[in-house]
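S.K.: Build the full structure now, drawing on both the sequences and the hints.
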Amino acid sequence: MAAPQAKASARLDALQTGPGFGAARADALARLRAMGLPDRRDEYWRYTDPATLNVQAAPAAPVFDASDEAPLFDALDRVKLVFVDGVFDPAASDDPALAGVEILRLADAPDISWANGLYGTLETAGQTPVARPFAALNTAAATDGILIRATARAAKPVHLIYIHESETSDPILHHLVKVEPGAELTLLETGPAGARFNKVLEVDVATGGRFHHVQVQGRDHQRRAVTHLFTRVAEEALFKSFTLTANGVLTRNECVIDIAGDDAVAHVAGAALGDGATGAFHHDDTVFITHGAERGESRQVFKKVLKHGAVGTFQGKILVKPGAQKTDGYQISQSLLLDDDSQFLAKPELEIYADDVKCSHGSTTGALDETALFYLRSRGVPQEEAVALLVLSFLADAIAEIEDEDIQAEIVARLEAWLSRHRG
Amino acid sequence: MTQVDQELEVREGVDRETVETVQNMGSYKYGWETEIEMEYAPKGVNEDIVRLISEKNGEPEWMTEWRLQAFRRWQTMEEPRWAMLNYPAIDYQDQYYYAKPKSMAEKPKSLDEVDPKLLATYEKLGIPLKEQMILAGIEGAEGIAADARKVAVDAVFDSVSLGTTFKDELAKAGVIFCSISEAIKEHPELVKKYLGSVVPQTDNFFATLNSAVFSDGSFVYIPPGVRCPMELSTYFRINAENTGQFERTLIIADKGSYVSYLEGCTAPKRETHQLHAAVVEIVILEDAEVKYSTVQNWYPGDEEGRGGIYNFVTKRADCRGDRAKVMWTQVETGSAITWKYPSCILRGEGSQGEFYSIAIANNCQQADTGTKMIHLGKNTRSRIVSKGISAGRAQNTYRGLVTMHPKAKNSRNYTQCDSLLIGDQCGAHTVPYIEVKNNSSRVEHEATTSKVDDDQLFYCRARGMDEEEAVALVVNGFCREVLQALPMEFAMEAQSLVAISLEGSVG
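Protein sequences, first through last, are from chains S and Z.
The first sequence runs 1122 to 1545 under this note's numbering.
The second sequence runs 3 to 509 under this note's numbering.
It is possible that some hints are incorrect.
[Said to hold, decoys possible] Partial chain S-side listing against chain Z, Cβ under 7 Å, derived:
1. Asp-1460
2. Gln-1464
3. Phe-1465
4. Lys-1468
5. Asp-1477
6. Ser-1481
7. Gly-1483
8. Thr-1492
9. Phe-1495
10. Ser-1499
Derived by calculation from the structure, the hints in this document are not laboratory data.
For glycine and all other residues, C-beta sits at the position ideal for the given N, C-alpha and C.
M.R.: Here it is as structure tokens:
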């Protein structure tokens, strides 16, 4: 018992605060030291072992060659911003000039009131009722990131591209997004970022604002990632986020959504593909949605396809506060176990303090439908194609959460490519 | 009133007068007290008290040692606080662990010798302690063959069992039905073999405390191939003040046997909280089947949350043999605090576990209840249907676990948890854990939360029902799946309890 604790405190002792946002950073560090790093006995880490996230140095991850696929979203007109092992690379990036959108770099420590007001604020609020130590660690120690403020409808998406070059890189990035009233922004994120990636994204969507987020985590087998997305969705605002994860020895994606204004909408979806034959795979989606206003709509759609000892976990919670009447909360978590070695561990929760609400959750786990498979085979579809077809149809509900059709098509192509590489 | 009555009459074919009596019961009908001289052990718990309880029950040495082991373990344990329950710290030294009516100093040889005051208590509760062919709590259901309606009763009053009915008739079939204290003396080989084999002494804080201080409870053994000729039931009554009740029930269904077991419980209205920590262990061997039904109606406390029972219960069934089957049905309407998770260990191949629950929390009640389905064997099946109803300022949580172990190939679980909220001051929560470790099994979980449907209410109101009746009817409809799983004896009582527990929650 003593050893992991000692390791964890070594990491805390060595921690240094990053550039700018002095007060928020000092506060985060104090909060982190008070809460400590998690261990397996924490109820919130019941299904995911945080040991390799706690150790001081990132476990090495060989750089993965993904050149067999064209880079994602290359065909889209977008503003590219490139990070190499967690450091912004201006030479590889586009000129961040975009009408109605202000884009700044965290490492420049800009002293701007909107960013000062947002940095660490949603993260702090998201620490209750459940502590999220790696998010506090991020707020204290993040070395770089992008600060985006949209004041109008952005003409094109902003695309953060993460490149992993060093086997031991341990990047900590903290991004801010502020969508002003009536503005709209799409944020894309792709790539593995580093051997062990800690990312926080704080998104504040003001009245009537719209925010779309599509994230594709890297194909590296050995990489680790712990990400947090904190968002506050104001009156009549919309928030939509989709994440595709393929491979990765350990991924924990936490999403903390506060439906703060009446008639707000928040959708969060994820598709995860894991094949234990090409390296261990552990994927954890942890979602916490708080309804604090009337007529809010939230939707969670999480699908996992697992084989050869891959492990998928899902912890999702809908909290409806007193007075959040007419809330419509929906949650589905499903896993397809393609063989007998894989596991799915889930804890879908509802906590409801208002009576005029409609909340439901569903969770299913099982193998491919033999009848459907037999039907396709009897129609002359080869076995592997039939499996791929059924897997895609299983994932369809999650993919449907992406609004942009071009982006959707690229995601589907990625899924198909993964399935064809991981046959049998 | 009439509409509701008509419905019930058609459904159960029960005498109209009975229905009305039941319908007109006060909000807690069992809140009176029996005035009787009691003998107490000194307040608090320590090794001497544990020895004293063992001695009072005339237990052999091995049993005393077993209790002491548990007690020593308990002293090292911490009270669990993970449930969504909010209550002040319990002072375990500020209550009595043993209370026995003085008239029971000499154990009566038969029920005829029992103190008439005690017999009257059970009569008033509607529990027949005479060997008559009448259903517990229900009068004149003439339509059904007399033989089918015999119910053997073990009556437990505070810390002691008063006696057990139909013993001789059961003995003819080879069935052993007696108090656990009697079983420890008369059937030590069975008790030694099975006691603590499903819920070990070290299981959890409350079960360990129970292992140390349990005073009485029921023991059932059904021999191989025997279908128990009548339903068995235990009726628990807490009467003494500041006294905890710790009963222990052990049921063993040998190969190919069958038994249906009913459990009921009530307590007087008191200003202070009282502790109840029970353990129920069920062992089910090959091809045997046990149905265990509970109507839990401990005093729930008043509208302000004063008084009421703290109910911490560990119930577990172990389907040890192939094709063993267990069905838990519970109607939880009482108690200030409910902490209870009747579980099924599905070890035998093709074994089956079912859990049907209605949990109603009104006023300041808090319930955290659910089940565990632990699939270890191949081709095992489980089904969970839970209906939680919250009203007033109550909090109601479903907490459950379904786990499919790697070897539990081709197993199946279906879970449905529905919550109903009445009023905007209460809460309804669902905390299921789902762990699937093989792919030939299929697990499905569904949960919904809603309020009483306005259209349905409007329809009932338009037919002349007042609002409370209308809500009761809609709620009964919501609970239907579970009510139907109850034995006939309980279905009636449960149905009316649903209406009573919600009284005052509308408007």
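S.K.: Could you run down the list of hints and mark each one as holding or not?
M.R.: Here is what the structure says about each hint:
no. : hint     : result
1   : Asp-1460 : 6 Å, holds
2   : Gln-1464 : 5 Å, holds
3   : Phe-1465 : 5 Å, holds
4   : Lys-1468 : 5 Å, holds
5   : Asp-1477 : 5 Å, holds
6   : Ser-1481 : 4 Å, holds
7   : Gly-1483 : 5 Å, holds
8   : Thr-1492 : 13 Å, violated
9   : Phe-1495 : 16 Å, violated
10  : Ser-1499 : 22 Å, violated
The structure fails hints 8, 9 and 10 (numbered hints given earlier, in ascending order).
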